[in-house]
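Combine the two chains into a complex, taking the hints into account.
Residue numbers (our numbering), protein chains in the order written: chain A, 74 to 264; chain B, 26 to 216.
Derived, one-sided and incomplete: chain B residues facing chain A with beta-carbon distance under 7 Å:
#1 Ala-74
#2 Pro-82
#3 Phe-136
#4 Cys-138
#5 Pro-141
#6 Leu-152
#7 Ala-155
Okay, derived cross-link-like pairs now, DMTMM-like style, lysine to aspartate or glutamate, Cα gap no bigger than 25 Å in a straight line:
#8 B:Lys-38 / A:Asp-231
#9 A:Lys-78 / A:Glu-108
#10 B:Lys-194 / A:Glu-108
#11 A:Lys-208 / B:Asp-133
#12 B:Lys-174 / A:Glu-180
#13 A:Lys-185 / B:Asp-59
#14 A:Lys-212 / A:Glu-249
#15 A:Lys-208 / A:Glu-249
#16 B:Lys-38 / B:Asp-59
#17 A:Lys-112 / A:Glu-82
#18 B:Lys-124 / A:Glu-249
#19 B:Lys-124 / A:Glu-120
#20 B:Lys-60 / A:Asp-231
#21 B:Lys-124 / A:Glu-108
#22 A:Lys-146 / A:Glu-82
#23 A:Lys-205 / A:Asp-123
#24 A:Lys-214 / B:Asp-133
#25 B:Lys-124 / A:Asp-118
#26 A:Lys-212 / B:Asp-133
#27 A:Lys-208 / A:Asp-123
#28 A:Lys-78 / A:Asp-118
#29 A:Lys-214 / A:Glu-249
#30 B:Lys-124 / A:Asp-123
#31 A:Lys-146 / A:Asp-123
#32 A:Lys-146 / A:Glu-119
#33 A:Lys-112 / A:Asp-123
#34 B:Lys-38 / B:Asp-133
#35 B:Lys-194 / A:Asp-118
#36 B:Lys-124 / A:Glu-119
#37 A:Lys-78 / A:Glu-111
#38 A:Lys-78 / A:Glu-120
#39 B:Lys-124 / A:Glu-111
#40 A:Lys-146 / B:Asp-133
Derived by calculation from the structure, the hints in this document are not laboratory data.
Built from N, CA and C at the ideal position, the CB exists for glycine as well.
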Amino acid sequence: MRNMKILGELFLTFMQVGGLTFGGGYAMLPILQREVVEKRGWATDEELTDYFAVGQCTPGIIAVNTATFVGQKQARVLGGIVATLGIVAPSLVIISVLAGFINTFAELAVVKNAFAGIRVCVCVLIFNAVCKLWKGSVKSKLALAIFAVVTVGSLFFDLSPVLFVVVAAVLGICLEQFAPAARKSKKEGEV
Amino acid sequence: MILLLRLYWEFFKTGLFAVGGGLATLPFLSQMADKTGWFTQGQLMDMVAVSESTPGPIGINTATYVGFTTSGVPGALAATLGLVTPSILIILAIASFLKAFRANRYVDAVFRCLRPASTGLIAASGLSVAAITFYAAAPAGILAGVQWKAVILALLLLLVTRGIPQTQKLHPVVWIALSALAGIVFSFAGV
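Just chain B, with the same shape it has in the complex (with noise of 0.2 Å):
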């Protein structure tokens, strides 16, 4: 029970503070794991590309995932619950006078700062991850720890997803389906 209102509380603070959607969920988990131990920063990039290829918006996919991790079915509903309950109550709240929030200078003022920010810590999710991902520390020196398969297989993504304009249109669950297929046919955990 205490488990379950941590993760309502965790959760309802993530859906509180994190703005512009999707990822933006990202770095509160992220700092979520290191904080509770409830599971580690691999697992929770597992969910996020699970829950980018699942139907439903990312953020609640993600909470429903950790919730389920932590503690099953109940823990589901105690993230997903916390992580709306401060969007219901603050829709609730200017719903009634939407224009006026919409034309309010200080709210305009207030984003404009917010979204740099939000980005930003998107961006340092993203680097943190991205050296557990292409970089195992190894005692053998600096180079030894590279994981070159999965700088090659990232630099393919790129090449592909950047380098071809028509790409943008596809789902990412195509590049996600692309890449366990590299993982196993390269076997890239190494078992």
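Excised from the complex, chain A in its bound form (with noise of 0.2 Å):
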């Protein structure tokens, strides 16, 4: 009984969080501060930096990894999975509405002109995602290297993205393997 209202507090306090956000990533932060830190208690700050420094190097969606870390903590597995259906559910009500609405409208002459202007837009956005993804992540001449080949890689040839990050995985765990030496020659060589 106590394990159910646990779960619907779970449910409920991520589906505010979820329906919130716009953006997820960095922007759920505060939220999930407010919410699971300081109104509910489920969480340190330290821990709820944890499960984001973990949600977001470790594969999928970080909101979604945070929100399994915090139900867990509250009532394992379950509470885990109550925690992340939480956190989905107004997407998939939102944006299943709006894709309805928007199908239903996407031959009109004014929906083609204003996606076409969107498309260009999204372009930039993307740029702007990756020059900072880029500050985060290309921090040696070898994780040049490798955004070079799986950049070049991905565009001209017709491979899984899976194949790369696979690739990228078992090279991290070969080089600390195999060759601590890099790791120390590399960090010498950061830019």
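Okay, here's the thing in structure tokens:
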């Protein structure tokens, strides 16, 4: 019974977080801090920072990873699942309604023109996102080489992105295992 | 039913290999468009724009949108649940040894290589959508295909978003709305 109450609270709290945040990722952190740390006391600021840091470097959506952590801490496996369902619920409803609406009017000239303009904006937004990611990820000559190989390889060859991700992960393990010296010299070469 | 299972599986793979949140799912969705024919690259850009302009994590919004476009509300559910399943499994697995995970040198090494790879994948997706946005195959020579209106709008957006630091605090929906307006006023789609 008590468990049901916690699960309900988890769902509603994360539903609020999902429905109130535009953009996910770091945009979500202040709202999570307010709801999860200050109002509910489900985690400390430090724990939330840990969840976020790990959520960022594990696969998947950062917001979902963080929600799973918090839910798991409160009510084990079921808590993790319920918190995640809560955070995705608003998206499911809002996007389904909006998508139905947009798909119905997609053939109108005004909608076509609007989206043709929006596509230009999306290119610029992707460019800006890449610049931001670049600062956090391309910090050494090795990282620059990986970035260049993946960009060119993915652009000009019909290869699955999965392949690049797996190869990069294996490369990381091999470097750590067989060439810790390379890591040192890489650090010296940091730009 | 088969389509729903395929949607779930494709998004499961995306959730398993997309690292870094936000636009990290884009390269996988772009490949999905080519492989399955469920939606076009142009539609994908529209979906990204709508996902950035509505509440909720961008990755979840895009998955819901793709699922809905492919197979209605059941499709939206299948895609979103597929995307979050790997997250839930991975986070539940590492939640009990979070501190050890953060301090592990192999984990650290893997992510030093994964981050630039993920940035490279997003950069490549950005370049390929830029190619179809700014250039339309034209029979009348190389320059005839250049979409000058789109190029001018992109340069203006770049100038404002990168040149004026104060604009970084603005939500992307501002630029998306202005671009939609420009698209309608100057009939970007030519209709």
